[in-house]
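K.L.:
Could you put together the complete structure from these sequences and hints?
Each protein sequence line maps, in turn, to chains F and C. Per the numbering used here, the very first residue in the first sequence carries number 1; after that it's consecutive. Per the numbering used here, the very first residue in the second sequence carries number 1001; after that it's consecutive.
There may be inaccurate statements among the hints.
[Said to hold, decoys possible] Which stretches of chain F does chain C cover? Using the computed rule of at least three CB atoms under 8 Å from a CB of chain C, they are:
1. 128-139
2. 153-160
3. 174-182
4. 209-222
5. 323-334
6. 341-348
Hints are computed from structural coordinates only; laboratory data are not their basis. Note that CB positions come from ideal geometry on N, CA and C, so glycine has one too.
Here are the chains, one letter per residue:
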Amino acid sequence: MKPLAGLRIADFTVHAAGPFCTHMLSQLGAEVIKVETALRPDIFRKSHAVYGRQGPATFDQVSSNKLSVRLNLKHPDGVALAKHLVSVADIAAESFRAGVMERLGLGYDALRAVKRDIVMVSVSSSGQSGPESHFAGYAPLFGAWGGIGYLSGHADGPPMEMRHVMDHSVGMNAALATIAALHHRRRTGEGSHVDVAAREVASSLVGDALTAASAGIAVERMGNADPRRAPHGLYPTQAPDRWLSIAVASDAAWQRLAAIIGRPELVSDPRFITADKRHANCADLDALLTRWTSARDGEETARQLQSAGIAAHMSWAASDIVTDPHMRARGSIVDVAETNGVMRAAVGRVARFSVDDSPGITRGTPELGGDEAYVYGDLLGLSQSRIDALVADRAIY
Amino acid sequence: MTVKPLAGLRVVERAAGVAAAQAGRLLRQMGADVIMAEPPGGTSLRQEPPLLPGGTSALFTYLSVGKCSVICDPDDGFRKDIDALLATANILIDDTPVADRAALGLDPDRIAAAHPHLVHLSVLPFGAFGPKADWAGEELTLVHAGGEGFLLPNGLSADLFPDRPPLKIAGHFAQLQGGTTAAMAAIAALWSGKGQFVDASVQDANVAVGAFAIQRFGDGSIEHRLTRSFKFGGVIKCADGYVELLTLESRQWQGLVDLLGADDWAADRELADEVGRSARGAEINQRIRSWARGWKVEDLVRAAQDRGVPMARYNTPAQVLEGAQERARGIFQAVEADGGPVKVQSLPFRFGPEALSVDGAVPAPGDQQALLDAEDAKRETA
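P.N.:
What follows is the structure, given as structure tokens:
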């Protein structure tokens, strides 16, 4: 049995960060009921032409496993039905701008009134409080606000834009916080309102740099460099645009690397004799390594370096990841059947549990409203005539 | 919630790397007691730069504030010490390489037999199972093993330096993801009530947060840093800094047109929908970049947000630390370090109106060695 089996989530989240939170909880065994409306489907269920192509963006991965119901939250009966759903749930998750759930009549107090110990999870760009809590935001903005965008990039270039990993980092933190709130509920009988701020997740990812800055230490963009390690970088291989990452963290690793590249004399070269000197002369090291890697097969070289305990890995595209025997063996990449029968690769469970080794994903993207018979009928006990009336009145829509 | 959510839990942490220490940090900041079982001299994380004025690592400070430390010497009574600590613990976090575990008594089978109640969380670069379980990982190599490294940078950086190799994210992004995911998995396992071995991998965590690239592959395309840029918007240079601009919805585009004062050229019917705008993204971006150079960041962001146009300043560390939003939410809290007070961010989520407090000090090696002696004494009495 998966660790979160038996828990149920009323999922009002949209876009990427919030849905990734409930997606993680779903992979861990929770039953997730995704609430949408045909009036305004999740923007990520729709085409997303900002990338210059038509087709859904991130929807399929984060919707896998979930059940789908239509629910019009602008209809009073829709709101009542939402509360009914929450009353049989352990968790209510949402990712609207701060204040929207209250305006819909579905704020924390309203939900607590129907389920005393509900754990409500609110994911927003800037948190539920503060002068900028109303700001609109997406992943690249979270990174900009939080300082990780400023600190990333070439030393002689502009800040670097963060992408979906930023959204999903927020969702991962939200999932962690949600499970913690469940532990609190189990111990005290109390629910709670979990407030996850995306920009705070972004800054937490450079928390050490912010601590240093608070003490007056200058921290700036440094590209692929490391404050201590050298050689440390991306090196070309014989294939065009295929790069090998190498990071040497100790004297012992450096000595082994020098032997592997056939230059054992470099170990006693005054330029490279200590870690500090290697770091100061990293441009010379990079030139040496570039000459060595340029004519070599990247994967084979990574294996050779790893066999000597040196951290090295090819810069992998998605095509490399989905075919990797290691990822497949771990169940980290799985094939999922979509409702149209098409198989696609997906990210499976994010950790392996000795008690339950079953796949994290068992079904693909739900059709909009595809699970209403189970949710409204079996779970909430509505008669078919009542469901039909709510559909006719566009409360279920 | 007045009590932290994981109050009452006890965690033993053996962390040589950022990921395992991050898992411990998250559990500590949510209220668990976290005991670092360090080797003589302390974990190598204590030496990671940047160093604070008193010589303490800023990274170690961030990861370890509020934890306590005992020294467990691998060459002297290690197994007895670890067993004493684990007898009263809920979770063991360990990043010892797989090949070294059995000799230390840290292999999953022995731990499960001796401590069946325990959630034994393994945190390794590539996990404890699979053909690469013994591979070494550093931040740079892990961000590339997870796929995101290949996809960076986009937009302005990629336009300026198209021939340079891919670029990592600042700091310890990949390992922090690994630690966060591992912590989530551990408390999920704990929720189930069953002691067990949990195998977390930094690579897996990064592939998960980079899931969109995997989905795109399933849809038939391979993402690349030079082609996945937003067609317009992104990093925009202003007179005194940079902003990020992203419009995904039509009403946001209309707000941008108003902001740009572009009723003339934006009235072109080809720009009426998202597909048309994407097709002419380079032209639009040229206009935006040229126009923005005359603006000061603060004025531009205010004008944009007033129109519902998603835009943010690229904050420097100082601007983050002193940000109005961050101050109002109280997320940076004073911690006494050996060179004077510093600020440490609390967790990026809270369980009520107030930020979680950042309690305690930065532990000296073995600052709670008496704890181990007390556990030993208890066992001897029993």
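K.L.:
Taking beta carbons only, do three or more residues of the segment 153-160 of chain F come closer than 8 Å to chain C?
P.N.:
Three-residue rule met by the segment 153-160 of chain F, so holds; n is 6.
K.L.:
Cut-off 8 Å, C-beta pairs, minimum 3 residues; does the coverage of the segment 128-139 of chain F by chain C stand?
P.N.:
n = 9 at 8 Å, threshold three: holds.
K.L.:
Would you say the segment 174-182 of chain F counts as covered by chain C, given the rule of at least 3 residues with C-beta under 8 Å?
P.N.:
Contact hint for the segment 174-182 of chain F vs chain C: holds, 8 residues under 8 Å.
K.L.:
State whether the coverage of the segment 209-222 of chain F by chain C holds or is violated, taking the criterion as 3 or more residues with Cβ-Cβ distances under 8 Å.
P.N.:
holds (count 12)
K.L.:
Does the segment 323-334 of chain F contain three or more residues whose Cβ lies closer than 8 Å to a Cβ of chain C?
P.N.:
As far as the segment 323-334 of chain F goes, the hint holds, because 7 residues have Cβ atoms under 8 Å from chain C.
K.L.:
Are there at least three residues in the segment 341-348 of chain F whose beta carbon sits under 8 Å from a beta carbon of chain C?
P.N.:
Coverage by chain C holds for the segment 341-348 of chain F (4 residues, Cβ < 8 Å).
In summary, the structure agrees with every hint in the numbered list given earlier.
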